Amino acid sequence: MREKNSVAPPMYSQIALDIAARIAKGDLKENTKITGRSLLSTTYAVSPETIRRSMRLLADVGILDVKNNSGAIVLSRDKAISYMEVYNTGRSVHSLKKELKDLLGERDVINKKIIDIINEIITVNERLKNIDPLQNYEIEVPASSSLIGKSIEDAHFWQNTGATIVAIRRGERIILSPGPYASFVEGDTIVVVGDIAMSDRVRNFINN
Numbered sequence: 001m002r003e004k005n006s007v008a009p010p011m012y013s014q015i016a017l018d019i020a021a022r023i024a025k026g027d028l029k030e031n032t033k034i035t036g037r038s039l040l041s042t043t044y045a046v047s048p049e050t051i052r053r054s055m056r057l058l059a060d061v062g063i064l065d066v067k068n069n070s071g072a073i074v075l076s077r078d079k080a081i082s083y084m085e086v087y088n089t090g091r092s093v094h095s096l097k098k099e100l101k102d103l104l105g106e107r108d109v110i111n112k113k114i115i116d117i118i119n120e121i122i123t124v125n126e127r128l129k130n131i132d133p134l135q136n137y138e139i140e141v142p143a144s145s146s147l148i149g150k151s152i153e154d155a156h157f158w159q160n161t162g163a164t165i166v167a168i169r170r171g172e173r174i175i176l177s178p179g180p181y182a183s184f185v186e187g188d189t190i191v192v193v194g195d196i197a198m199s200d201r202v203r204n205f206i207n208n
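Under my numbering, the first residue of the sequence shown carries the number 1, and numbering increases by one thereafter.
It is possible that some hints are incorrect.
Unchecked claim - Cβ-Cβ distance ranges computed for the label pairs, FRET-style:
#, residue 1, residue 2, range
1, Asp116, Met84, 47 to 53 Å
2, Arg37, Pro10, 18 to 24 Å
3, Val109, Glu85, 34 to 40 Å
4, His156, Lys113, 48 to 54 Å
5, Gly171, Gly105, 19 to 25 Å
6, Ile174, Gly105, 40 to 46 Å
7, Gly171, Lys101, 52 to 58 Å
8, Gly105, Asp60, 32 to 38 Å
9, Lys97, Lys67, 35 to 41 Å
10, Arg201, Leu176, 18 to 24 Å
11, Arg37, Gly105, 47 to 53 Å
12, Val61, Lys101, 25 to 31 Å
13, Ile81, Asp116, 50 to 56 Å
14, Ser151, Ile117, 39 to 45 Å
Simulated from the structure, these hints should not be mistaken for lab results.
Every value quoted in this text rests on a predicted model; they were computed, and no experiment measured them.
Backbone N, C-alpha and C define an ideal beta-carbon position, used for all residues, glycine too.
Given only the sequences and the hints, what does the whole structure look like? Please build it.
Below, the structure written as structure tokens:
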């Protein structure tokens, strides 16, 4: 049964393959003369022009030596065997390409499912963000804070609050993952991650 979506090679190519197979098996010997008439008698049931095209194809790869108006001479059984191997390899490549096409189609389906799941996760996160145990909290440093001018390390920020500062927003500038030597400036907004209790400790510490 022919594979779905496969395309049959033209008739002259199929006949050339059959002739090459006969030469490879030894049915047609080297130095044997063959003609369109003799080939037609083997029930190919095609026009002489189709036979000539088949023999010309085999002549191009050195299997036959085509004589004008007098048929052809078989030149090489080895080249006929090689021709068969190349054809069979081509058929394998065709099958591989079809398999690849099918896999790519499956990949597209899987990718769509992945995207749908990601979108669903984002939607759920947005819907449930108020009950997420870990959230970002933004807390402003007021002018009255005793932390102004101190570094994160000197203020013993983590020891006093248990919170880690993940960013500082200073005007239009955002400082991501500030190191221990970053200093607090009036009007800074510090961003910490944790639970509600932790955010209360941070506010109390900043405003103390």
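Right, here's what the structure says about each hint:
1. For Asp116 paired with Met84, a C-beta distance near 49 Å keeps the hint of 47 to 53 Å intact.
2. At roughly 22 Å, the beta-carbon separation of Arg37 and Pro10 lies within the given 18 to 24 Å, and the hint holds.
3. Our hint of 34 to 40 Å for Val109 and Glu85 holds, since their Cβ atoms are close to 37 Å apart.
4. Look at His156 against Lys113: about 49 Å separates their beta carbons, and that is inside 48 to 54 Å.
5. Between Gly171 and Gly105, the C-beta spacing of about 52 Å breaks the proposed range 19 to 25 Å.
6. Between Ile174 and Gly105 the Cβ separation comes to about 44 Å, which falls inside the hinted range of 40 to 46 Å.
7. Evaluation of the 52 to 58 Å hint for Gly171 and Lys101 yields a pass: the beta carbon distance comes to about 55 Å.
8. Evaluation of the 32 to 38 Å hint for Gly105 and Asp60 yields a pass: the beta carbon distance comes to about 37 Å.
9. The hint said 35 to 41 Å for the Cβ distance between Lys97 and Lys67, and at roughly 38 Å that hint holds.
10. Roughly 23 Å separates the CB atoms of Arg201 and Leu176, a value that falls within the hinted 18 to 24 Å.
11. For the pair Arg37 and Gly105, the supplied restraint of 47 to 53 Å holds, since their beta-carbon distance comes to about 49 Å.
12. At about 29 Å, the CB distance of Val61 to Lys101 agrees with the hint of 25 to 31 Å.
13. Between Ile81 and Asp116 the beta carbon distance is about 53 Å. The supplied range of 50 to 56 Å therefore holds.
14. For Ser151 and Ile117, the hinted distance range of 39 to 45 Å is satisfied, since their beta carbons lie about 44 Å from each other.
Checked against the numbered hints given earlier, this structure breaks only hint 5.
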